[in-house]
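Assemble chain B with the ligands onto chain A, guided by the hints.
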Amino acid sequence: MRQAVFRRPEIGDDNEMLRARLHAIWETAPGLKGWLGTVDHKEIGIRYIITAFVLLALGGIEALVIRLQLAGPDLHLLTPEQYNEFFSTHGMTMIFLYASPILSGFSNYLWPLLLGSRDMAFPRMNAFSYWVFLGSAIFLYSGFLVGAGPNDGWFNYVPFAEKDYNPGFNQDFYSLGMIFLGISTTVGAANFIVTAFKTRAPGMSINRIPIMIWGTLTASAANLVVVPAVSLAFFLLWMDRQFGTDFFQPAGGGQPLLWQHLFWIFGHPWVYAIVLPAMGMVSDGLPVFCRRPLVGHSLVALATVSVMILGFGVWVHHMFATGLPGLSLSFFSGASIIITFPSAVTVFAWIATIWLGRPVITTAFLYFASMILLFVIGGVSGFMTASVPVDWQLTDTYFVVAHIHYVLIGINVFPVVGATYFWFPKMTGKLMDERLGRWGFWTMFAGFNIGFLPMHLTGLLGMPRRIWTYPAGMGWSTLNLVTTLGSFLFAVGILIFFFNVIKSLRSGAPAGANPWGGSSLEWSVSSPPPPYNFAVIPTVASRHPLWEEALDESVARTSLTRGMTLDQGKEALHTSPMDAEPERIVATPEDNVAPFLLTVAMMVLFYGMLLKLWIVIGLGGLGCFAALLMWLWPRRNLLERAPPDRKEPVHG
Amino acid sequence: MSGATPLGYLSSAGSRAATIVPLTWYVLIVSILVCVIIGALVWIGVRRSHSSGGAAETSAAAVARNGNGIRWIWIGVVLTAIPLAIALVWTVGALASVAGSPRRPDLLLDVTAHQWWWEVKYHGDTPSDTFATANEIHIPVGRKVLVRLHGGDVIHSFWVPKLTGKTDAIPGQENATWLEAAGPGIYRGQCTEYCGLEHAKMGFEVIAQPAAAFERWRTAQLQTAPPPATPAQARGLALVQFRCGMCHAVRGTTAASHYGPDLTHLMSRRKIAAATLPNNPGALSGWIQNPQATKPGALMPDQHLSGQQLADLRAYLETLK
Ligand code: HEM
Ligand SMILES: [Cu+2]
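Chain order of the listed sequences is A and B. Position one of the first sequence corresponds to residue 1 (the working numbering), numbered consecutively onward. Position one of the second sequence corresponds to residue 1 (the working numbering), numbered consecutively onward.
Hint data in this document are derived by calculation from the structure and do not stem from the laboratory. Note that the structure is predicted; figures quoted are calculated from it, not measured. For glycine and all other residues, C-beta sits at the position ideal for the given N, C-alpha and C. Take the hints with a grain of salt, since some may be wrong.
Quick look at which bits of chain A chain B covers, simulated, 3 or more residues with Cβ under 8 Å [to be verified]:
#1 254-262
#2 340-353
#3 490-503
#4 581-595
Residues from chain B that face chain A, not an exhaustive set, calculated with beta carbons under 8 Å [as the list claims (entries may be wrong)]:
#5 Ser49
#6 Ala64
#7 Gly69
#8 Gly76
#9 Gly307
Extracted from the complex, chain A is given alone in its bound form (with noise of 0.2 Å):
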């Protein structure tokens, strides 16, 4: 690494002279362009919170509409047109554009803290993903907006999204729009790894990191090797629209079943992408209210791990009726029976922890205990599927509607929701009223119990998904009618959280540094923390720093008062991969709009694209190129650093 700096590095205290000297160094510069330049990871996270929640507000809107189609038999609210752009942007934007996003922010604002670190490996890259979701999600909703949203499922099955068979603009967005947040996911995901393997604090050891580092690292690992193989197919579908090449059109030569391939091994991947991470935020929460460490947290990291491994071998449980030969068939769902066992280790390991605990009960608690029920009814029904001649009855039912809804809201929004109750604290200082706290989880978990649970019932009972309407005289209707009346009861649910959130950053308690008792690094920092995160590197002797007292495993304790300072300039430690040694002190990066800057231009050449407008591809290309030179520019701040003492790795 060029910007690397080989020095002994300064021990001292942590004092108010050191603070502010740091706070000088890392704070944003006030004003637009620190505001578009800022690339410090809790304004990003934030940011990619915020932003998500509003998409999540969007994608319920849309799922309501959906609903109240649904209500009842032959309704005509809606036109099948309509209709259909409602469900397939209802599907992209809850997949792509809230619950990945979601999960990326809460690891942005989190990781550095809980690593003990001061920023992410690439802060710029940092900010370059966030601006780039932000861009791509604008881009996809304004095909939304002009009735031209994607309008073929949000897995978009070829020849149907071929122009042939669907001509307008609606697929260009889409094609191009994944595309272009395929950007943000691939360098985010690289950010991720890098961070966890290189910026952790002195000590903390590998076995020693929290679980929900181990989601999102085993998630981001999963994304780089599988979002190219989505973006590289929504690129050939882009190619076979706009310039008649043949790569999924039978009357050419081409493989509709190509299509599915690609898209499943990116998209069963990528449903382990948006659990992962919130089972590792229970995973690290649910103890902290049972006052005792995770039960066989090694056991849970491993099972995370091989959760992961095992989901690329899954894919075909998605195409159990394309015709695939038998024995493939069985293969793929001993696979995704097997996957069961790591999953199972995880909801063992979460009981016992509360059984051999002392909860308290919290609204986070509430969140967190109950998604373990959630988490094991979308598991079985998943379990379902994977039996070959079961789910050629399931399949493309509304059981498989009620499963994704358990995975999605009971795995992803839930632990999302008690992970905002747990670290809102942490963010703004502030606690989250308690007693409005507990309405809302109520009504979130009887609205969507009530709306999703008879789901189920209905998909046993035959009702094909994506239909715009349904005759009387089926046995759907009045389950229908449950499943719409429990699903405006779970909106209410979530409007009460996200009322809470506004009334308690107006008039919340104040929160102190760690109002929970909580365990890990980031509770050690004052509430929200200072733009630097610590004055002192702490330095880690065992997993759970701030209850190394209580728990006494081990004479060593650790350190977070007295550690490096690294106060002489915006920089960083790096230490070695498995065993957290540190190894040099590394110059970050100054604020910097460049990111914003080149996703603009992105977003220009899109646009060009998307119109076939050689000219505006022109200047979006030169825009590109303009901001990355700025990007790019050698800075002075990144080279002269203090001279170096030594020119091999130091040991703290």
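Same frame as chain A, but now just chain B with the ligands:
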């Protein structure tokens, strides 16, 4: 025989679906039990707790350690393994018994799925024994029927829950499934792969008849359309050939396009518009005048016929028994 059975699949009406029903019940019951047990464990575990409260209380409560609990995980995983192993073995077994297609089927059909209707071709021993219908599949009871599936435009999926699970109809590729009805009846089928605007209204019916009745039906279907007997019918035929023939075929006339359903024996079918409307004169006229009213987006254009033309047309269509 009255209305078709709805689409539930927890009971079956034929051997292929029947193999799967017990397995379905097994995984369903195991799943429900697992949820109840885990739910109870969580609930009781939480209820044992002593404190409920906010921030202050959490930090006050002691960090306890009692027992490392790894036993919980092992017991849990072993208990999970047993029903899973059974499910896996059963699955592979059931798959082996239903997956392959019958070697010597009693009847061979080619079903092509189109946006948004089904073309059904019956193979006989000779080419002249072969004919096509649409949206209604007749099969003899107790016989194994092999269905070869083709995608006419986009991907669709063939599903008759009481008789067989889903198999996709994919353009450029041939998939197969088979049916065997245990008794006479009308079984509803439905497209289950999202295929565009009218995916919702892409149904069909499978009518299982005793072998003799099936043969009678088949013989009748092989006939070409009768010549018009009245002037009105003759004018109707002219309209069919001139207008409808751009997309439809009526065997024995010059209408011979296969873009839309074959109409030769239209009136013998129970339903029209892919099992969306009953086949009665009112529904038929309504459909012809304005297909988009029932199926917005349907690929059949409005015909805008005058009252007289419609009457002629119906006079002719009613002879297509
Ligand atoms: C009030 C809350 C929600 C309601 C009432 C709801 C309702 C629905 C309904 C009825 C469908 C099926 C549409 C159809 O098949 O025609 C659907 C599909 C879907 N939903 Fe939701 N949903 C809600 C929240 C969510 C959330 C929070 C997520 C993800 C985090 C989500 C992800 C999806 C996905 C991925 C699909 C599949 C789209 C497709 O079939 O292509 N939903 N939703
Ligand atoms: Cu279809």
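Hints and how they fare:
Under the rule that three or more residues need a Cβ within less than 8 Å of chain B, the assignment of the stretch 254-262 of chain A holds, with 4 such residues. Check result for the stretch 340-353 of chain A against chain B: holds, 10 residues qualifying (beta carbon to beta carbon below 8 Å, three or more required). Interface restraint, the stretch 490-503 of chain A with chain B: violated (0 residues with C-beta to C-beta distance below 8 Å; minimum three). With a threshold of 8 Å between beta carbons, the proposed coverage of the stretch 581-595 of chain A by chain B is violated, since 0 of its residues qualify and at least three are required.
The criterion of a C-beta within 8 Å of any C-beta in chain A is met by B/Ser49, whose closest approach is roughly 4 Å, and the hint holds. Checking B/Ala64 against chain A: minimum C-beta separation of about 5 Å stays under 8 Å; hint holds. With its C-beta approaching chain A no nearer than about 4 Å, B/Gly69 sits inside the 8 Å limit, and its interface hint holds. Because the beta carbon of B/Gly76 sits about 3 Å from the nearest beta carbon in chain A, less than 8 Å, this interface hint is met.
Against a cut-off of 8 Å between C-beta atoms, the interface hint on B/Gly307 is violated, since the closest Cβ of chain A lies about 27 Å away.
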